[in-house]
Each structure stands twice: as structure tokens, then as C-alpha cells.
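Undergrad: Chain A is fixed; fit chain B onto it per the hints.
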Amino acid sequence: MWTLEQLEPEIDDIRARIVQHRRGLKEYFVARDEEIDLAILCACAQEPLLLVGPPGTAKSDLVVKLTESLGLETSDYFEYMLTKFTEPSEILGPIDIQLLKEGRYVRRTRGMLPDCKVAFLDEIFKSNSAILNTLLTILNERKFYQDGQPTPVGLVMLFAATNDIPDQTELEAMADRFILKIETRPVKDRHFAELIDAGVMNEAYRAAGQKPWARGAATLSDFLKFKRFMDLSFGASREPGRDREMWFPRPVFAEMRRIVRALETEDKVMVSDRKLVKLYKVIRTQAFLNHGGAVQHADLGLLAYVGNRRDELPVVASKVKALLGLGAGG
Amino acid sequence: MVFGVQLAGTAADGAALAVLMESSIGSALAESPWSLAIEIDGAGSVLVSPEMPAAWAEPLALRGLDVVTLTEVDGALVGAPLRDGHAGLRWGRWRWRAAPRLLEALRPRRIAGEPLAEEALFVMRPDSPGPRRLLERLLLLERGDAQVCSFVGVDAAEHGCFAVRVKAPPMYLLMAARDGEDDIAVYARAGGSPLWVAWSYEHPLAGAAAAALGRVGQVALCDGEGAWLRTDAQWRVRGIHDAVAPELVAGAVALRSVEPDLRFRVRLRLAPGPICDAELWLLSPGQLLELEPLIDACTADELGRLTVGRLTGDCGTVYLLRERVRPGAARMAVRVSDTLGVPGYAQVAGADNLYIPSGRRLVPLLRRDDLRALLGLERAHTVVITEDRDGPKVVTIAEVDEAPLQRWIDYVATDRRLELDRLLERSVFEFPEVSIAWPELQRAAPERAPREARAAKVLTKPPARIEVVTAELSVDAEQAAQLRALRERARELERVVIAGGCEDIAVWRELGEVKLALGEEDEAADCWQLALLHGGPPYALVDAERLVLAMRGAGAGAGISDDALIELVVADRRTPADSGRLAAMLVARLAAGRPPPDEVMQLALPVFLDPRLPVPRRLAWTVLAGWHHHARDRLGVTRAKEALLGGINVRGLSELHDLPRFVRYALTREGEEAETEAAEARGDRLQQGQLLALEALWHDVYAAGLPDLDARANYLRLIFAVGFARLGARSLAQELVAPIELELDVHEVPNRALFRLYMARLAHEGSGGTSEVWAEEVARALAGQREAKHRAAVQWLQRRSLWLRVEADEALVGRPTRYELPQGLDVGGLAEQLARELAPGSGNFDFILAEAVDLCLRRALASGSEAVVAEVLASAEPGLEGIQILSHRAEAIAACIHGAACLGDDALLGRLLDGLVAIVRSPQLASAQELTRAVERGLVALRRFGGIEPARGLLEALAGVHAQTASDRVRLLATVASGFVQLGEDRSADALLDQLCDEVLAGGFDYVTRAQAGMAVAGALRHWPNVARIERFRRFLAGLDVFRDTFTAGRYYETHRILILEAVVDSLADSKTRHSDRVQGFLDHEEHALRRRIVRDWGELCGR
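Residue numbers (the numbering used here), protein chains in the order written: chain A, 1 to 330; chain B, 1 to 1104.
Some clues are possibly wrong.
Sample of chain A residues at the chain B side, in silico, Cβ under 8 angstroms [what the hints assert, rightly or not]:
{"#": "1", "residue": "254"}
{"#": "2", "residue": "258"}
{"#": "3", "residue": "321"}
{"#": "4", "residue": "325"}
Everything labelled a hint here was simulated from the structure, so no lab data went into it.
For each residue, glycine too, the CB sits at the ideal point set by N, CA and C.
One chain only, chain A, in its complex shape:
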């Protein structure tokens, strides 16, 4: 494991590479800057990201290109489309029959979700409760149970996509694990020609067996180091409130509090205690990634993605932008 002293000399280079990586990835998409910014941020913070939108809005394409750009081994990436009939063995691995004969309930996880570093789960809310419960444990505690024993998972980044967020109580826990959710919308109305041009180029790349986006500036290792650096810097002061005082200016912090409170009271957006803490860390991570220092007013734009239900997402996004506009104007 890297130490703060080891990471400090190279963190600026790492940051620059990730930013360049992000910029490079955007070239292969039309009007998906917002989604890519968020995906890179979640990759840095190792927080799961939920992409919500109708079919054909580049959800899968974005994740696939991002993972390809990281130059991952095949075994490090796991992708699956979930249905209500998907069984746990399809994503966690089949039961080892030999060990079962010996009375041990162990899954063969090679090449499956517990064994990979980056995962993409499509239609995540269509899965059944057995899978959802296992995923909750993996997301919360980064472990799953083998023969009754907790076993750590190597999952670093999780991306999920869905056409809709079902309004069911039993799915709220899973939805809450995704601190950030972004609604992907069709862009053809505003970028008709660009979309066709980019689509044709992508098809041409595919036909030629080329993946120019795979030459990303950053590697998975860079993302891991960045996350490690952020974790170490959060605990560096060893004093409650010190990180906030150093990196979160009071007016900006007050603004964040006002916005969160306004969303809770006026729009009934549920921001759990866990979510609030994670939001703080993600905002800090974004600030460090984007400008290498304290949180700025504009970094609070992340609050636009804290909505939980499908109908909340656009409302929250527009409200946060409006409120930030007020603050910025002030």
C-alpha cells in the first residue's frame, strides 16, 4: 500500500493524467461531457454510479469505452444484464460441486463480479432480491460470503444502468447506495449532425477492429493511487473538522448546507446520513481533481445528482443549478 509520502510527489502528475484521460474520452462522444465527468469522478472516488435513461442513450457505450480506455485485462472487467430470472450464480459464479460434496458452499468466482475490478450491471433494478442483497453487501462492505465466511472482493468501480428507477420500498436501499445518479437523455435534437458523424466514425473503428479510445492517458493504477491519496489526506489531520476547515471554505460549506436542506424540505429528497458524508468526500475529490485545492462554489454542482427517484432527477438538477446560480450571483 502506498503512503502519503510516496504519493505526494507524483499526485499532481496523476491528477493531470486523469484529467487528460477524461478529456480524451469526451472526444468519442457527443454532448456526454456531464456523464463522463461523473463517471471519471466516481472512478476516482470509487463510488458506484447509476446511469438512468431510455435505451440508446449511450449508457453502455460510455462504460465500455471507459473500461477499455483503462487497458484492463479481460478478467478484470465484468458486465452483465440482469433480469428477474438472473440467478446469483450468473454474477457471483457457480457453486463448486467438488467442494459442495465435501459440505462446503463455495462459489467459483474467477471471471465473475467478486473477482473483477470494474463491473457494469445493466438493468440493475430488474434483478431479484437475492442478487440485490448480495450487491448491497458488496457495495457497502466490499465483501461477500463464501461458505459463511466474509471474503473481500476486488471491485474498484461499479457502474450500473437502468431505464427506470422503480418506486418500490425494497429497492430504496439499493438506490441509496448510488450516491450519484445521472439521467442520460437523447441528444439528437440538439446535435443531429455531430451525432451521426460520431456514430459513423465509431462504426468505422469497430469495423476496422480499432479502439483509439483505448489509448487512455491514465491507467487503473492512477485511479487507485488517486483514491489512496484522497483517503490518506482525509485522515491526515487526525482532528475532527480539520479537513473541512482546510478544504471547505465556510461560505461554500454554508451554501452546501442550504442546498441540501432546501432539497430535503422543499423537494422531499431523502439525503441519508451516510449519503451526506459520502457527498462531502465526493465533492472534495472533485475539487482536488479539477483544481487541486479547496472546494469552490462550482463544485457544489455535484448536488444536482443526488435525486433518488426517476422523477426527482430532473427536478433536483434544475433546482440545484438555480440555487447555485443564486449563490454565484451573490
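TA: Coordinates of chain B only, in the frame set by chain A:
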């Protein structure tokens, strides 16, 4: 020594202050000045009154108040408790505040968190940047409801202040103000209290303070430390928009409008459009002749809807053929276009006399006036835009003399036989010197006349129906007598078979021979087909050869060449006659013991397996059964059986192909010869008869008096006028509405609009416009109503009226099917799938279950496999009880009855019918609408599958059931009565219907039920003969006053009366239903017989 009352700044202060206020000290000193020591680093405070003597302090302490003696020690304020057990105080930082009275001295208590505020007041200095930014933020948050006011004066701050009042204020702005942004103070209040307290604080004696302020007519703003700022109760508030002076920093550009001087040339062209039925065809003389097969197959009524006009121009002679669209009658466009091989032209919406190719549309869409000017529509009778490879071409027809197609037809002896028979017989006995030219009898072989020769006949105008010529030949009385004998024999035999289901081969053979002898080959072919069918394979050679002869096939029996067969089998396109001829020749070869080659049959079998092949199903089965019997192919015959039965299960038998023409004719003629029958009854089948009946009814109405300037009379006129227009009496219809046009302006606005709408309907009926055109008409009428209440009144009737409503209104009634079977599900898996859906705990809604049963059974029936149907029924039956909503259960039961009747499973049928009756009896039945639909469907299925006895049993059971509500009962009994009349149980049907009429007209029900019942009875009467209808409708008209209502629209018109009138006229002008009932009856019998034959043939070959 200074005494003070210590307050902790918590909720407990409320009790302490209540004690203080109730004490004699509190009441005495409430209006005296007080001082307050305020803890700067905490929420505490100490109340001190200079007028409080030491003698008063002790009693207060005894009553539980924290009374302290205050001293300053080393720069700190120290409070020593007067009594033991109370904590003292020691504040390092504090300050004093003086207040004129006790309520104003109290320090508000801080509330944890950020409470929601009902109303907030943001107060700031007017000369600070605060007002501008706050107003800007409120406007950005779309809070234009905020109000502003300004204060100056003695008690307000010296510089005055600016305040913004907001109800349900944005939390963000409250918090921003509390955080000290822009030096804005924010206060909140609830329930319109005159005391505004700093937001997120509460005054410990808020109620008392508000009451005190109310008494003096003032409002106070209390800050976080308790300092009050008083104002008058009346604030001069303004809207937020009055307080802002918006400015836009932008350069100004001035443009002024001038008369447009540019006109752009836009090419009008034809583009692909929605497929719609054509109404008009432009035909060359050769194409007109090709109509003959259609004319052969058309009824007189259908022919009456086609008109022809002859046109000449640069391109020679052109015939204009037009279909007069009649509501309720099946369109003929597809048949005409198929026969001619040309698509035809359809009317352009909004332009009455403009036609474009069917399936095309004009682009771009022009205004109607522009279109008229461009194409000269005003000056022309009809304009047709045609197109070919050179592009569109405008054909302008200045005027055209159109005449019914019937007038262009020379009827030959095989048609209109009855008239000819009579004339023939009369001529033999009364006019011995006259001879009848009857070319068909004289011809030697059944060869068709050359087309050119017949063309002269067809196109001669005016035509002579029967060519009567004088000749010097002597009368062949023997031949005539023989002919008459043949006719009589044919009628006798027809009477035997007319009921349907005749399986006596001898009867069919004899009838076939008679028909052949009479030269009626097509009808003879029907007879020989039925003889072959009922004879079963192997077929008698003589029957097969007679069939070939009747169908004008090439060769006979074994003499039919392979080449002739191959030519027909491989043809790209076969007419129905070609297909029939092919079938006859194949059967003849099989019967002759010289079966067609395998390769021919490999091509021919799929042709006859196709359920859409336009030949009688009996003929298709005859071919298939004959071949498979010859080949001993059990699998083949099973497939053929399933294909045939599946097709029949889904579509039933076709009136066009499976109904022998003489049956249709006989059904139409039935009763004509009965001397006892009234003249009205004889006219029953004819449009003229309908017209006479409607005229008779109108006469009654007219005789009863139609006052002028009376909306009710106008509705009567309009409804009858639409009825007359439907029956083609347009001039009479116009006569009826003419008085309305004169007095239109004196009526109420909604009535005026509705009158116009009825008149538009009249024109619509006349022009035969499409539903889209009508929908546009209605939309225009509604858009013309400026006032909402008028529009609502117009729409109220328009949506309910039988004639004014548009398809979209009707679609509201319908319900889309929401259940879908899994993709790729095989018919073998239907039973399992259905069992899964019906299983307890599946969580399906009842309507989904009913749809699942229906869909699975339909799919099973379409498969033609009885085993599959039986499996699906076995899965469905146990789950029926699980459908809780009875109307949905009834639908599912009806679907099962269909399946069980198909299988002939009497035991299951009995159980299902019992289930249906039990539903009717159940008090939990919410509505009979679905139930009656289910009963009707069940009855149709029972009739189709030969279950006449179960159907009768069901009707009798339902007739005896007492439904829970009157409306359900009437609706159900009307259905039962219709069922009886369709089963031929006229007496039971009449008795039931009369009983219903009595009940409806007795006025015993509530208004709505009465109207619904009346409409149900009127609808049911369509199944009765005209004479029975008019008799009952006279009673309806006489008792029209019982159909009242209490709707809001009643100030303009009487909804129920109008709806009943429409139902009556609509039913009376309907000549289709009863005739189709009788035709359907024959087809039901035939289907049942064919089904049994198929199963028997299959069983014999497969050993079942």
C-alpha cells in the same frame, strides 16, 4: 440588592413565565419597564424589574421560579439562588437590555434545525444591496407571489426599512438570511399572528404577545434577542413586480412591416399517404367489362351502391365508376379494386369533389381555398388527380350524368330467376304468339360467350331487362312445362336444404342435376361440392365429373391432363374461379383412380391449406381429404384438419364463398309467396321497405304536431332527416330541415351548434364521408364555441349521440388488450402458461386473467388441434373461480364456452353455462355490460358449433333469473330476447320483448335506467322483422315523454329523448342485421356439418 428571574432559554421557561404572569407581581408589573440581562455565550437570560421589592422575590421563589440576586464579581455577572436546590449563574459576557413592558423583555427561544415557515418577512435597509439581490433571487426562483413594503416612522429604524413578505418561503433564502448574508433579517409567523419572530426562534409567550398586539392594532417584529420593532397593523404592500424596474442591456433594432411582395413557387405533388378505401375509379371500356365477375357475385343492394357515368374527352371514352358509401354497409372498394386490378381514387378530406389515388396524399397541405382556386374545384363537378410515370395529371370533369350500375346491366336468365319464371309461365299460357329469347338454354356447351359479344349487352343503355321478341316459331309448350316442373322441383329441394346442415347426398345430387338442367352452373357446383363432401372419400366419379362440368373445368375424370393441372397450380395469380376449377379437377382425377402426380400435389396442397384461399372450405377439405385418403397419409390429414379447423375457428365460414347463392336468394325471397303476410313484411328486406316504415313513423310524428321555434321539434326533424338521408331520400331529408335553417338564429347557442352539427351529419351521410372528415367537422363545431359552458353543452350530446360522436369517443369505451403471451411460445405450451397465470398467488389482476384465458383459447382454436384446446380448457376451468370480479369471470367463461362448444364437451359446457347463470344471480355483479357481451359471445359460439339445445337452455335459464339492478335486468333480457329470435323461438322472443317495452314505457325505472333500457330494446329490435319493429317503435314515440333527465344540459335539450329517438330511427333504418342473422344461421349449420365431416374423415383415416 437586585432580584431577577432566571430563564434558561429552553421549553421549561414557558411554565416559569406562566407562573410569573399569574402571580400578583406579574400582573402588576406586566406593563412596567423591565431589564433583561442576556448571556452572550449562551441562551440564558435574567428578567429584572426595578420595581420588584425584596418582599415579592421570596413568594416567587416559593412558587418554583429561579429567583436570583445579581451582583457583579470580578467582571462577571453572578446570580445567587434565593432558595437552595436551584442552580445559580456566572456569566463572563453579558449585556443589559431595557424593555418598556414584560412581554417585550423576554428573550426568544432558539429552535433546533431549520423549521419550515408558513410565512416569512425579510427585512433590510433600503439603501443596502440586500433588496436588489433578494428580489432577483425570488424572481429567479419563480416566486412572483412575494409582496414588498417599506417602513418609516418613529418606532421603525431611523433610516426606515424595506421588507419582503413571502408565503412558504424558500428554505435557501431563509438560511442565507440567517447566515447573515447581505445583512438581511428574517422573521417568520404562523396563522397570521401580528407577532413576527426571528426565523428559527420562538417567543416564550407568543400567544399573550400576539393578543396584546392585537388589542392595540399593531404588528411587531421580534429579533433573536427579543427586541421588538413595532409597526401599524395595516401595511401598504405591493407585488414584487411593482418593486422592480427591469432593464435589458441590448441594442435596439426597429423593423416595420410592409406588404409582402414575394410569392414562392411550391410544387404540389402526390406522396405516399395512409391506405384508405377508394370511392371512385376511372375506367377504360375494357376495364369496365372486367367488372362482370363482381357484378355476378354482388347483391342487388350492393349493386345499388355503384354508379357509372360515361365521359368523353381527348383521351377517348372513359367510365367513371363511383361507390356511394353507405354507413353501416360493408365497403366494396377492395372488391372493386381487386376485380379491376386498379387501386382507384379516394376523396381528399375537406374537398368534396377532389379525388386522388388511394394510398396517396397531396403535399404540401394547402388551405382549402388555395386548393379550390388552384384546381378549379368550384367550377368542376369532380376533379381527379391521376399520376403516371410523367407525374400527376389533373382530370377535370365539368359535369357527369351518373346512373346506378344496375341500369347498365343486362340480366340474363340465370339471374332474377323468379321474375323470369313468372313472366315465362304467363307468356306460355297467356301469350302463345310470343317467344322468349333465352340464349343460355339454347347453347349446346357451357362455354362462356365471347367477351366482346357480352360487352355490347353490358354497355347498352338504357338496357332492356328481358329481351322479348316476336317470332314465327310455334310455342314449345312441352318444353315450357318441363322448365316449370324443374323450377318447382328446385324450389322444393331448396326448401329442404335452406335450414342448413343437410347431409343427404341424394338431395344434393338431385338439386345439382336440376340446377345443371336449368343452366345454373355456379349453383350446381355448390350442390355437387356438398354432395362430394358428405359422400366422403373415395369420391364417386360421377359426382366429381358433374362438379368439373359445373365449374367449367377442362376435361372429365381421368381425361383431365397433367398439363391442365400444372398450368393452374403454377399460375402466379389465380382467380377464385380458377382455384375452384383446380380443386374440381384434382377431385375428379382422384375419383377416377388416376391421382395427380406427387409433384403437382406438393404444389397444390399448400394452396388448399391456406385458410385465406377464396374457395368454399368444403371444397378445400374435399381436395385435401381425397388426396390424403389416397396417400393414406395420417400425418398429412391431421395437418390438413388442423389447418382447416383452425381457419374456421378463427374466421368462421365466409358469406362470400361458403354461402350458396341460391340460399342467399331464397332467404331474401322467403315469405314473399305467403299470401297471409302483410305488404310491409314483404318490403322488409328492401331499402324501400325501410323507407316506407320510416315515412310511416314520421307521419305519426308530424300528425302529433311540430310547433315552430321549438328545439325539441327541431331535434325530431333532424334525427328523422338523417334517417331519411341514410336510406337515400335526400330531398325528403332536406325538406325536413329547411324550416330549421330559417329559424336557426332564435335558438340557444348550444342548440344552434348542435342543429348545425346534425345538418353536417346529414351532408356527411349523403356524401359518404370518412370518419376522419367527420372528426374534423366535430372539432370545428366545438372550436366555434367560445364559452366553455356552451362548448360543454354541445360536447355533452355530441359524445353520447349515436350519430354525432366520433371514433375517438367510441374508442373511449373500448379497452385495449393488455395481456401478451411470451414471445415464441408454442401452442403446446399454452396450457402450462395459462395454468401459471391462473395459479393462486400469481398476483395477476382479474382483467389480465380473463384476457389470458381468452387469448390462450383463441390461439388454441386457431391451431385447429382439439387436443390443445382440451388441454387449455383443462388448465382454464379450475382457475375460473379465482377470478373475483364477476364481469371478468363471465368473459373468461364465454371464452371457455367457445372452446368447449368447439370440442362438443357437453359436460364441461353444462358446468360453464351453470357458472354463467350463477354470475347473473350473484348480488356481487357490478355491471351487466361485460356479462351481456359474454352471453352474446357464448350464444354465437353455441350456435356455430351446433349447440342449439345448450343455447336454448342458457337463454331459458337467463330469462328466469332476476338480476340485481333494473338496468342489468333489462339489458340482459334484451340480449336473451335477441338470442331467442336468432334461434327461431319467435314466440318467447316476442313475449320477452313486449314485457320489456311495457316496463320501459311504464316509467317505473329511474331516468338513466329507463333510457338505457329503451336503447337496449331499440337495439335488440334490429333482429326483428320490420313490421314488428315499427309496431313497437310507434309505442316508443307515443310514450316519448317518459324519457326525461335531470342533466345540466337540460336547459337546452333533453338528452335521453334525443338518444332514444336516434336509437329508434337508427334501428328502423337498419336492414342488415336481420338479414345477416338469417344468413349466419345457415352458415352456422353448415359450419357444424363441415366440422363433423372433417373430424369423421380424419378419424376414419387415422383409426380414431
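Undergrad: Hints first: check each against the structure and report whether it holds.
TA: Hint-by-hint comparison with the structure:
1. 254: 5 angstroms, holds
2. 258: Where the cut-off is 8 angstroms and the nearest Cβ of chain B is about 4 angstroms from residue 258 of chain A, the hint holds.
3. 321: 11 angstroms, violated
4. 325: Interface hint status for residue 325 of chain A: holds (7 angstroms vs cutoff 8 angstroms).
The structure shown violates just one earlier hint, number 3.
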